[in-house]
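S.K.: Sequence:
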Amino acid sequence: MTNTIANTFPSFSNSLIDDVKKNATTHSFSAGQILMKTGEFIKSTVLVLNGKIKVYREGEDGGEFLMYYLQPGQACAISMICAIRSEASQIMAKVDEDAELLMIPLDLMDKWMLQHRSWYEFVLGTYRSRFDDILEVVDNIAFRGMDERLEFHLKRIFSATGSRIINLSHQEIANELNTSREVISRLLKKMEQLGKVKLNRNQIEFIK
Numbered sequence: 003m004t005n006t007i008a009n010t011f012p013s014f015s016n017s018l019i020d021d022v023k024k025n026a027t028t029h030s031f032s033a034g035q036i037l038m039k040t041g042e043f044i045k046s047t048v049l050v051l052n053g054k055i056k057v058y059r060e061g062e063d064g065g066e067f068l069m070y071y072l073q074p075g076q077a078c079a080i081s082m083i084c085a086i087r088s089e090a091s092q093i094m095a096k097v098d099e100d101a102e103l104l105m106i107p108l109d110l111m112d113k114w115m116l117q118h119r120s121w122y123e124f125v126l127g128t129y130r131s132r133f134d135d136i137l138e139v140v141d142n143i144a145f146r147g148m149d150e151r152l153e154f155h156l157k158r159i160f161s162a163t164g165s166r167i168i169n170l171s172h173q174e175i176a177n178e179l180n181t182s183r184e185v186i187s188r189l190l191k192k193m194e195q196l197g198k199v200k201l202n203r204n205q206i207e208f209i210k
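If you're matching positions, the sequence shown starts at 3 in our numbering and goes up one per residue.
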């Protein structure tokens with residue numbers, strides 16, 4: 003476990019890794035499992051060892067708005083903030099790919115901020131990274147049309163997965179962008195005609 007933590011979180015000091023080993027518990031989750039719901043109180047700080055987590059907001063109509071993905075070596079800044087302030091979650095988190103997570107008791111958050119410089123820097127870096135992600139999303143909503151938003155959204159997914167192929171239906175993408183399937187299908191077809199993607203059934207291959 004020491005090597006796994008050290009390889010996944012290379013910025014962690016040896017003393018922090020020892021504390022993580024002593025206090026954290028490891029849990030495995032399957033794709034599709036809900037980790038966090040809106041209105042729930044956060045019980046643990048979550049670190050990703052393997053897999054991918056989708057963090058999003060859910061509308062009253064059940065629609066989803068993607069905020070960002072969490073990958074190995076990352077943690078959810080919003081859940082950290084809710085945990086520290088003992089507030090209910092304002093987001094949803096779902097396992098996008100089978101995942102292995104480290105769960106750290108909440109009462110260690112403040113303690114480790116004082117005891118471990120590498121934890122302090124990791125938490126601040128997490129806040130900054132997620133802030134940049136959200137700012138980029140806001141910019142795209144405010145200043146771009148749906149065609150540009152779709153292309154940006156697909157590039158984020160390709161970047162997060164490290165693969166040029168994603169397995170999503172047009173309806174799933176429409177849900178994440180809070181629009182209709184017909185709009186997404188039309189725009190994807192246009193992207194295919196421009197040579198940017200190749201469309202297969204429930205699969206999109208990114209070309210450029």
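The set of hints was computed from the structure by calculation and includes no laboratory data. Model, not experiment: these values are computed from the prediction. It cannot be assumed that every hint is accurate.
[As the list claims (entries may be wrong)] Here are the simulated EDC-like cross-link-like pairs (lysine to aspartate or glutamate), alpha carbons at most 20 angstroms apart as the crow flies:
{"#": "1", "residue 1": "K24", "residue 2": "E42"}
{"#": "2", "residue 1": "K191", "residue 2": "D134"}
{"#": "3", "residue 1": "K45", "residue 2": "E138"}
{"#": "4", "residue 1": "K157", "residue 2": "E123"}
{"#": "5", "residue 1": "K39", "residue 2": "D100"}
{"#": "6", "residue 1": "K157", "residue 2": "E89"}
{"#": "7", "residue 1": "K54", "residue 2": "E99"}
{"#": "8", "residue 1": "K191", "residue 2": "D141"}
{"#": "9", "residue 1": "K96", "residue 2": "D149"}
{"#": "10", "residue 1": "K96", "residue 2": "E194"}
{"#": "11", "residue 1": "K24", "residue 2": "E102"}
{"#": "12", "residue 1": "K191", "residue 2": "E178"}
{"#": "13", "residue 1": "K39", "residue 2": "E207"}
{"#": "14", "residue 1": "K39", "residue 2": "E102"}
{"#": "15", "residue 1": "K157", "residue 2": "D134"}
{"#": "16", "residue 1": "K192", "residue 2": "E174"}
{"#": "17", "residue 1": "K23", "residue 2": "E138"}
{"#": "18", "residue 1": "K54", "residue 2": "E89"}
{"#": "19", "residue 1": "K39", "residue 2": "E89"}
{"#": "20", "residue 1": "K157", "residue 2": "E102"}
{"#": "21", "residue 1": "K157", "residue 2": "E178"}
{"#": "22", "residue 1": "K24", "residue 2": "D109"}
{"#": "23", "residue 1": "K191", "residue 2": "D149"}
{"#": "24", "residue 1": "K96", "residue 2": "D141"}
{"#": "25", "residue 1": "K157", "residue 2": "D141"}
{"#": "26", "residue 1": "K23", "residue 2": "D149"}
{"#": "27", "residue 1": "K54", "residue 2": "D134"}
{"#": "28", "residue 1": "K113", "residue 2": "D141"}
{"#": "29", "residue 1": "K39", "residue 2": "E60"}
{"#": "30", "residue 1": "K54", "residue 2": "E184"}
{"#": "31", "residue 1": "K54", "residue 2": "E150"}
{"#": "32", "residue 1": "K23", "residue 2": "E89"}
{"#": "33", "residue 1": "K191", "residue 2": "E207"}
{"#": "34", "residue 1": "K113", "residue 2": "E138"}
{"#": "35", "residue 1": "K45", "residue 2": "D134"}
{"#": "36", "residue 1": "K39", "residue 2": "D20"}
{"#": "37", "residue 1": "K200", "residue 2": "E184"}
{"#": "38", "residue 1": "K192", "residue 2": "E150"}
{"#": "39", "residue 1": "K96", "residue 2": "E42"}
{"#": "40", "residue 1": "K200", "residue 2": "E174"}
S.K.: Look at each hint and say if it fits the structure.
M.R.: Status of the hints after comparison with the structure:
Between K24 and E42 the alpha-carbon distance is near 27 angstroms, which puts this suggested pair outside the 20 angstroms criterion. Between K191 and D134 the CA atoms are separated by roughly 30 angstroms; this puts the pair beyond 20 angstroms, and the hint is violated. Our distance criterion of 20 angstroms between C-alpha atoms is broken by K45 and E138, whose separation comes to about 29 angstroms. Under the criterion of a C-alpha separation no larger than 20 angstroms, the hint pairing K157 with E123 is inconsistent with the structure, at around 28 angstroms.
Proximity of K39 to D100 is assessed by CA-CA distance (about 18 angstroms); at most 20 angstroms being required, the pair is judged to hold. For the proposed pair K157 and E89, the alpha carbon gap of about 33 angstroms is over 20 angstroms, so the pair is violated. This hinted pair checks out: K54 and E99 have alpha carbons roughly 5 angstroms apart, not beyond 20 angstroms. Between K191 and D141 the alpha-carbon distance is near 25 angstroms, which puts this suggested pair outside the 20 angstroms criterion.
Pair hint K96 plus D149 does not hold up; C-alpha atoms about 26 angstroms apart against a cutoff of 20 angstroms. Between K96 and E194 the alpha-carbon distance is near 29 angstroms, which puts this suggested pair outside the 20 angstroms criterion. A C-alpha spacing of about 17 angstroms is found between K24 and E102, which places the hinted pair at or below 20 angstroms, so the restraint holds. Proposed proximity of K191 and E178 is supported: the alpha carbons are some 18 angstroms apart, at most 20 angstroms.
Pair hint K39 plus E207 does not hold up; C-alpha atoms about 31 angstroms apart against a cutoff of 20 angstroms. At most 20 angstroms may separate the alpha-carbon atoms for a hinted pair to count; K39 and E102 meet this at roughly 19 angstroms. About 16 angstroms separates the Cα atoms of K157 and D134, which keeps this hinted pair within 20 angstroms; it holds. About 18 angstroms separates the Cα atoms of K192 and E174, which keeps this hinted pair within 20 angstroms; it holds.
Our distance criterion of 20 angstroms between C-alpha atoms is broken by K23 and E138, whose separation comes to about 35 angstroms. Distance check on the hinted pair: K54 and E89 sit about 24 angstroms apart at the alpha-carbon level, beyond 20 angstroms; violated. For a cut-off of 20 angstroms, the pair hint linking K39 to E89 stands: about 13 angstroms separates their Cα positions. For the hint linking K157 to E102, the alpha-carbon distance of about 25 angstroms lies beyond 20 angstroms, and the restraint is violated.
For a cut-off of 20 angstroms, the pair hint linking K157 to E178 stands: about 14 angstroms separates their Cα positions. Restraint check for K24 and D109: satisfied, since their Cα atoms lie roughly 14 angstroms apart, inside the 20 angstroms limit. For the suggested pair K191 and D149, the alpha carbons sit about 11 angstroms apart, so the restraint of at most 20 angstroms is met. A threshold of 20 angstroms between alpha carbons decides the hint, and for K96 with D141 the separation of about 24 angstroms lies outside it, so the pair is violated.
A distance of roughly 15 angstroms separates the Cα atoms of K157 and D141; the hinted pair therefore holds under the 20 angstroms criterion. Between K23 and D149 the CA atoms are separated by roughly 46 angstroms; this puts the pair beyond 20 angstroms, and the hint is violated. In summary, the hint linking K54 to D134 is supported, as the alpha carbons are separated by about 19 angstroms, within the 20 angstroms threshold. Between the alpha carbons of K113 and D141 the distance comes to roughly 36 angstroms, so the proposed pair goes past 20 angstroms and is violated.
With a C-alpha separation of about 9 angstroms, the suggested pairing of K39 with E60 holds against the 20 angstroms cut-off. As the CA atoms of K54 and E184 are separated by approximately 28 angstroms, the hinted pair breaks the 20 angstroms bound. In summary, the hint linking K54 to E150 is not supported, as the alpha carbons are separated by about 25 angstroms, beyond the 20 angstroms threshold. Among the hinted pairs, K23 with E89 is inconsistent with the structure: their alpha-carbon atoms are about 27 angstroms apart, more than 20 angstroms.
Among the hinted pairs, K191 with E207 is consistent with the structure: their alpha-carbon atoms are about 12 angstroms apart, no more than 20 angstroms. Taking the CA atoms of K113 and E138, the gap is near 32 angstroms; set against the 20 angstroms cutoff, the hint is violated. With a CA separation close to 26 angstroms, the supplied pair K45 and D134 exceeds the 20 angstroms bound. For the suggested pair K39 and D20, the alpha carbons sit about 31 angstroms apart, so the restraint of at most 20 angstroms is broken.
Taking the CA atoms of K200 and E184, the gap is near 18 angstroms; set against the 20 angstroms cutoff, the hint holds. Simply put, K192 and E150 have alpha-carbon atoms about 12 angstroms apart, close enough for the 20 angstroms limit, and the pair holds. For the hint linking K96 to E42, the alpha-carbon distance of about 14 angstroms falls within 20 angstroms, and the restraint holds. For the hint pairing K200 with E174, the CA-to-CA distance comes to about 17 angstroms; that is within 20 angstroms, so the pair holds.
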